[in-house]
Amino acid sequence: MNIEQLKISAKQARRDIVTMIYRSGAGHPGGALSITDIMTYLYHNEINFNQSPRARLVMSKGHAVAIQYALLKQLGFIKDEEMSTFRNLNSRLQGHPNIKTVPQLDANTGLLGQGLSIALGMAAAKKLNNDPNKVYAIIGDGEMHEGQIWEALQQAAHMQMDNLVAVIDYNKLSSHDEVNSVCRLEPLADKLRVFGWHVIELTDGNDMQQVVDGFALARHYKGKPIAILAHTIKGKGVSFMENNGDWHSKTPTDVEYKQAMEDLQ
Amino acid sequence: MKAPRDAIGKALIQLAENNFPITVIDCDLASSTRADQFAKNYPERFFEMGIAEASSLSFAAGQSFEGLIPFFIDFAIFATGTVWTQLRQSCYANANIKIVGTHPGVDGGFDGASHHALEDIALTRVLPNLTVLSPADADEVYQAFEQAAKINGPVYIRVAREPMPVRDKTIVPRVNDIDAVIDEGNDFAIIFEGASYEQANDGYQKLSALGHKGKLIHLACIKPFNQEKFKSLCQQVNVIITVENHSINGGVGGLIAEQSMQNGILKPLIRIGVCDTFTESGKSSQLKDKYGISGQNICDQFLQVLF
Numbered sequence: 001m002n003i004e005q006l007k008i009s010a011k012q013a014r015r016d017i018v019t020m021i022y023r024s025g026a027g028h029p030g031g032a033l034s035i036t037d038i039m040t041y042l043y044h045n046e047i048n049f050n051q052s053p054r055a056r057l058v059m060s061k062g063h064a065v066a067i068q069y070a071l072l073k074q075l076g077f078i079k080d081e082e083m084s085t086f087r088n089l090n091s092r093l094q095g096h097p098n099i100k101t102v103p104q105l106d107a108n109t110g111l112l113g114q115g116l117s118i119a120l121g122m123a124a125a126k127k128l129n130n131d132p133n134k135v136y137a138i139i140g141d142g143e144m145h146e147g148q149i150w151e152a153l154q155q156a157a158h159m160q161m162d163n164l165v166a167v168i169d170y171n172k173l174s175s176h177d178e179v180n181s182v183c184r185l186e187p188l189a190d191k192l193r194v195f196g197w198h199v200i201e202l203t204d205g206n207d208m209q210q211v212v213d214g215f216a217l218a219r220h221y222k223g224k225p226i227a228i229l230a231h232t233i234k235g236k237g238v239s240f241m242e243n244n245g246d247w248h249s250k251t252p253t254d255v256e257y258k259q260a261m262e263d264l265q
Numbered sequence: 001m002k003a004p005r006d007a008i009g010k011a012l013i014q015l016a017e018n019n020f021p022i023t024v025i026d027c028d029l030a031s032s033t034r035a036d037q038f039a040k041n042y043p044e045r046f047f048e049m050g051i052a053e054a055s056s057l058s059f060a061a062g063q064s065f066e067g068l069i070p071f072f073i074d075f076a077i078f079a080t081g082t083v084w085t086q087l088r089q090s091c092y093a094n095a096n097i098k099i100v101g102t103h104p105g106v107d108g109g110f111d112g113a114s115h116h117a118l119e120d121i122a123l124t125r126v127l128p129n130l131t132v133l134s135p136a137d138a139d140e141v142y143q144a145f146e147q148a149a150k151i152n153g154p155v156y157i158r159v160a161r162e163p164m165p166v167r168d169k170t171i172v173p174r175v176n177d178i179d180a181v182i183d184e185g186n187d188f189a190i191i192f193e194g195a196s197y198e199q200a201n202d203g204y205q206k207l208s209a210l211g212h213k214g215k216l217i218h219l220a221c222i223k224p225f226n227q228e229k230f231k232s233l234c235q236q237v238n239v240i241i242t243v244e245n246h247s248i249n250g251g252v253g254g255l256i257a258e259q260s261m262q263n264g265i266l267k268p269l270i271r272i273g274v275c276d277t278f279t280e281s282g283k284s285s286q287l288k289d290k291y292g293i294s295g296q297n298i299c300d301q302f303l304q305v306l307f
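So the protein sequences, as listed, match chains A and B. Heads up, the first sequence is in full-length UniProt numbering, so the first residue is 1 and it goes up one at a time. Heads up, the second sequence is in full-length UniProt numbering, so the first residue is 1 and it goes up one at a time.
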């Protein structure tokens with residue numbers, strides 16, 4: 001997709017995220033909306049589900065699964081009428097990614113901290129299998145507090161796993177408070193560099209042009225794993241959700257839903 | 001006498017030679033787990049991850065999603081306890097990973113209570129999709145590994161560290177799930193997991209010498225549990241004795257208590273194993289004696305129930 005098409009797709013995905021959470025009565029809108037632009041780019045331009053083997057995408061911050069369902073609907077893997085079953089009984093659309101019901105999700109995540117290690121295992125297997133495809137891992141900034149993430153960061157650098165791209169959704173908010181006030185991550189880019197990673201910083205990870213350019217740059221890096229540190233806005237696109245930690249996990253009321261849909265026109 | 005753990009390296013090499021697409025994941029214990037022998041033969045399939053078990057277990061799951069069959073080999077305490085949520089997620093995804101826990105029970109001897117894996121059966125037998133295997137002697141290790149490699153899903157294999165007798169398989173072949181390796185009567189049934197084979201067998205011989213005719217039953221596959229076979233083996237016996245190099249709570253003793261009650265086998269049950277306590281440093285064989293995992297204790301407890 002070109003940039004204009006990606007922007008249209010991202011907007012539709014945002015509408016679907018808010019709608020599915022509104023209709024099903026549960027979900028995590030904030031962190032799904034912050035990573036929407038990057039996920040839209042990856043699912044449309046980097047992951048080819050018709051190819052085998054193919055590039056993989058592990059959503060380590062599994063609570064943001066709504067963006068995956070929204071995009072997999074665009075790609076034809078989820079039916080429109082399934083979307084409102086999200087998080088409810090007898091649905092394929094579990095509250096956190098489950099490959100047994102939706103295989104395109106690539107990994108079972110949701111217990112934070114585990115996805116980067118799973119992606120690293122995939123990347124190592126791809127090297128062993130002479131498979132040139134990349135593996136992408138989406139990590140939340142709050143999730144960076146997990147010790148397992150730092151184990152994987154060290155292991156990936158040690159293994160020079162340059163087919164692994166970690167995207168950090170740096171929206172600055174945990175479930176309620178600021179990530180850096182809960183337990184300081186900064187200076188995050190420097191930490192990643194001294195851990196042995198190439199770092200590409202997106203000052204606005206919700207700007208599609210920056211997203212496209214960032215991943216284009218990532219293709220040229222060799223010899224080390226690549227971290228894309230994306231500064232994003234939690235709740236991006238919905239006026240009253242933006243930068244508001246209350247919308248980490250919350251369902252909009254009728255009035256709020258109407259407002260959100262107006263914001264996402 | 002042979003140490004089951006010493007069969008691990010050779011079993012891994014044999015699997016690779018038989019074209020199973022295996023890899024081996026190690027967390028700085030390859031010389032203790034004997035995985036180092038595989039590393040010498042297949043360096044590109046051997047992944048030294050450092051002392052970072054949680055990430056390494058998830059790493060194994062990632063490899064399995066790309067079609068490999070990773071063997072995560074570690075001390076039983078780390079292979080189950082340290083990585084329990086990572087293992088649980090892998091079971092949720094039905095990841096095709098094989099976990100090998102060495103140094104089960106008090107086999108970590110001198111390392112003391114911190115390293116004694118007295119809960120690994122309890123931790124693994126509650127996980128859906130997971131198969132739990134418990135080979136009883138060194139000759140059964142390769143067959144258990146091959147059985148695991150042929151299963152499309154997660155498998156935990158408990159492999160004893162301490163040397164133990166090798167059973168003559170010409171009389172009764174290797175047990176795949178649960179079966180009697182000796183069957184002479186119904187006075188008692190001793191049901192053991194692999195890492196306590198020597199003590200269970202010793203108890204059996206002692207009771208036999210006193211004139212009691214019973215069965216020695218190897219629970220080679222703890223999960224899934226073959227309920228029908230258990231029923232047919234134990235319906236007529238007078239006393240059931242479980243033996244495990246593990247806590248009596250939640251392990252084989254717990255399992256057989258559940259299954260006996262559920263299946264109406266309402267006979268006295270003697271649970272031999274470590275009794276809800278933390279252990280201590282010492283020689284593994286002495287620890288087994290002190291904490292009651294011994295043929296003598298089996299014999300004493302049986303006689304108490306009898307009289």
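FYI, nobody ran anything at the bench for these hints, they're computed from the structure. Some hints here could point you the wrong way.
Unchecked claim - So the derived label-pair ranges between C-beta atoms look like this: (1) B:170 with A:90: 16 to 24 Å; (2) A:90 with B:231: 30 to 38 Å; (3) A:130 with B:169: 40 to 48 Å; (4) B:114 with A:90: 41 to 49 Å.
Quantities reported herein were computed from a predicted structural model and do not represent experimental measurements. Built from N, CA and C at the ideal position, the CB exists for glycine as well.
Comparing the hints with the structure gives:
Distance hint for residue 170 of chain B and residue 90 of chain A: a CB-CB separation of about 53 Å, inconsistent with the stated range 16 to 24 Å. Distance hint check: the CB atoms of residue 90 of chain A and residue 231 of chain B are about 34 Å apart, consistent with the given range 30 to 38 Å. A C-beta distance of roughly 41 Å is found between residue 130 of chain A and residue 169 of chain B, which places it inside the suggested range of 40 to 48 Å. Evaluation of the 41 to 49 Å hint for residue 114 of chain B and residue 90 of chain A yields a pass: the beta carbon distance comes to about 45 Å.
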